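What follows is each chain in one-letter form.
Protein chains: 2
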Amino acid sequence: MKVEIISIGDELLIGQTVNTNATWLGAEFSLRGGSVHHTTVIRDVKADIIEAIDRAFTRVDVIIVTGGLGPTKDDITKHTLCEYFNTELVVNEEVLGRLHAFFKARGKGVLEVNTKQAEMPENARVLKNDMGTASGMWFDHKDKVLISLPGVPYEMKHLMTDRAFPLLIEQFDMKTIYHRTLQTQGIGESYLAERIEDIETDIRNNGFGLAYLPSASQVRLRISSERSELNKTKIEGYLRQIEDRLPQYVFGREQDRLSEVIGKWMIKHQKTIGTVESCTGGAIASEIVSSSGSSKYFFGSLVTYSYELKSKLVGVNMDDIQKDGAVSESVVRQMAEGGRATLGVDYCIAASGIAGPNGGTEDKPVGTVWIGIAGPENTSAQKFLFGDQRDRNIERTVLTALNLLRCEVLKINK
Amino acid sequence: MKVEIISIGDELLIGQTVNTNATWLGAEFSLRGGSVHHTTVIRDVKADIIEAIDRAFTRVDVIIVTGGLGPTKDDITKHTLCEYFNTELVVNEEVLGRLHAFFKARGKGVLEVNTKQAEMPENARVLKNDMGTASGMWFDHKDKVLISLPGVPYEMKHLMTDRAFPLLIEQFDMKTIYHRTLQTQGIGESYLAERIEDIETDIRNNGFGLAYLPSASQVRLRISSERSELNKTKIEGYLRQIEDRLPQYVFGREQDRLSEVIGKWMIKHQKTIGTVESCTGGAIASEIVSSSGSSKYFFGSLVTYSYELKSKLVGVNMDDIQKDGAVSESVVRQMAEGGRATLGVDYCIAASGIAGPNGGTEDKPVGTVWIGIAGPENTSAQKFLFGDQRDRNIERTVLTALNLLRCEVLKINK
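Those sequence lines, one after another, are chains A and B.
For the first sequence, the residue numbers in our numbering are 1046 to 1459.
For the second sequence, the residue numbers in our numbering are 1046 to 1459.
Note that these hints are calculated values from the structure, not bench results.
Any given hint could turn out to be false.
In this list, chains with the same sequence are indistinguishable; a pair is considered to hold if it fits within one copy or across any two.
Taking lysine-lysine pairs in the BS3-like style, the calculated list, with each CA pair at most 25 Å apart, reads [what the hints assert, rightly or not]:
| # | residue 1 | residue 2 |
| --- | --- | --- |
| 1 | K1202 | K1123 |
| 2 | K1047 | K1149 |
| 3 | K1368 | K1309 |
| 4 | K1123 | K1341 |
| 5 | K1341 | K1368 |
| 6 | K1316 | K1187 |
| 7 | K1123 | K1189 |
Keep in mind that this is a model prediction, so the values were computed, not measured.
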């Protein structure tokens, strides 16, 4: 099944909104055996919408249109679809009833702009929206299908998951590419390629695909093939080979997050963690807490941004701060050990660095970060030199610190 | 100047990477007077690349191609471009020299995969990349231009900003739509539309555009017109009208972030802030720290995820936690006031809630959040009921808390 995603909205084209809908749809279709061949973003303009649909029907089986169904006046999608599919809008009583119930449940009255949302194209199948006021629409077009959905991500996801996919599975044969992903942290694309060159050659000689997908301080490695039981087994073999060779970098598979991998270990071993943070300002803690169930192993965190709080809350020696600076091995070790005691946890991560863009010196340029890990057996500390962009430095510090903790608890040499 | 963005990469289509490059390019062209009419995402397949370029040249003046220039073997873009523009790859000595210097500066040797990156199409203008190993390429095609850039976001941004835009400005007349944006927090799209219905009618009667751009707990409001001094003045008038009517919701303009707005106020009034967080796990603090210069007013934060730390670090009465629960007015007030004292700050934000997906009760369902603000004059606390998704609840708590603090310091009634 070939799929094209058409996202409508000036806000996407002028860069005010990131098109996360296309990302989510791509991942979902991929998992369910559909294959997204094109994603197109177009303006909220009738001619452009019609041209994009025309073109998409020449090359794919299923078109997903997102956006252009909000209650406010900037939307023209519904009228254009009526024209394209030669039908007209009629009030759908069931949808109208749901709209009234939706607003009543929230203690609010139905606004006039919302009642227009009960007008649906006569020949479309209505996809019931339990999370918002814009219904989805399913149009049959010869053997092909166009599905129109609101652009609000959680409404779009609900309509795909609970309404559209069950219907698509009935109508289409969904099988295609199989792929598996390894997640790495702390090694660049070129160096990773160099370290697994022989395995990569083997993978390609087998006719499989291998892609390096870099983002800030992480590279994902994706192996793909035609879907078959034999290929699945072969790919599993390659994944294990790479995991065995580079355990200090490979932390998980598919959509695994470092924080989840650590969380699972902590639960299994009944250990607890906390953080003492300076330059990251709580970002390591909030990454840990992004995993549900983190209250089982995460006790808390001290964000000691000022010198005074480093001393007062975790007992860092003020003389050491004066002598070595706040971004130093001695301070980060004291932060980790002091935090471990104050928070009463088994493992404590500490990070102190110069995130930038200001505050760098010749000795300690912007991007210099010390990370410490205090555990039941010992305390370790390591210095890193990242780049000159504040947000990337913070992100890299968070991920590097979590990977150091992972290596520490798994006793992997970095 | 009409622009089309073509992003190449299976990883974008199968949803493993979000296409933030297209977002950034859309915003930049928009600011500089270019107009992105289409964004297309295609596979790493020769025929698809050629078809997309052919099509794009029929409708725009400038094509930006991102992706497909990495050092590893999954890239075919450069060869396809050579074929399209009827040229061939030759080693560029200047690029090769830079590659050697690039790796030497990082204490590393040049890998063989990297030396291939010195091969450039003979008839392309090379765009020098100071931040990575993949050069950009500029192809002239009649009066039109195609620019090919690596997909790594910070390299792409550098090449556009420092290399491509200066050349584009020489060659094209860059003028078009003018738009300004207001940022709101805490009011839904329909309710916002209802509150400014008369202003909206006025805006539209003037022939201007108005768009509601919703994301989690924020709606941006964008007014657009043809660029002229008169229109600029009129739009400024509308912006002020809306700001005056809804000061409790409108917190800024354009790309303003709540944390920056608050930071500016704190610097101006020489006040300081800290946070005591439970369900948000440091996310409020890390949002504050995301602004550079935050060390001037942000002292630190206590993430008291466990009951014990709420009592030990900020002195919340254990009896109150037992009696009222950790998600309660009494506890969040004590967290805010205790944090203010412990951290030694003028203002302290506290948040305690049930982020989900587990932990809800009949009285306190998932999404229940108490937010407290302790200031020099008084302490306030407010209860919110968000949704059932963990990540959204955390995000909404962060933004709602920051907006409450903004209203508190600006003495705006919520």
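Checked hints:
Taking the closest pair of Cα atoms, K1202 and K1123 come within 25 Å of each other only inside a single copy of the chain (19 Å); across copies the shortest separation is 36 Å, beyond that limit. Taking identical chains as interchangeable, the C-alpha atoms of K1047 and K1149 are never at most 25 Å apart, the minima being 41 Å within one chain and 46 Å between chains. Taking the shortest alpha-carbon separations for K1368 and K1309, neither the intra-copy value of 40 Å nor the inter-copy value of 32 Å comes in at or below 25 Å. Proximity of K1123 and K1341 under a CA criterion of 25 Å is satisfied in neither setting, with 48 Å inside one chain copy and 50 Å between copies.
In this assembly of identical chains, K1341 and K1368 lie within 25 Å of each other by CA distance solely across copies; the values are 22 Å between and 39 Å within a copy. When the C-alpha separation of K1316 and K1187 is checked against a cutoff of 25 Å, the pair qualifies neither within a copy, at 59 Å, nor between copies, at 66 Å. With identical chains, the CA atoms of K1123 and K1189 are at most 25 Å apart within one copy only, with a shortest distance of 19 Å there and 35 Å across copies.
Hints 2, 3, 4 and 6 from the list above are not met by this structure, while the remaining hints are.
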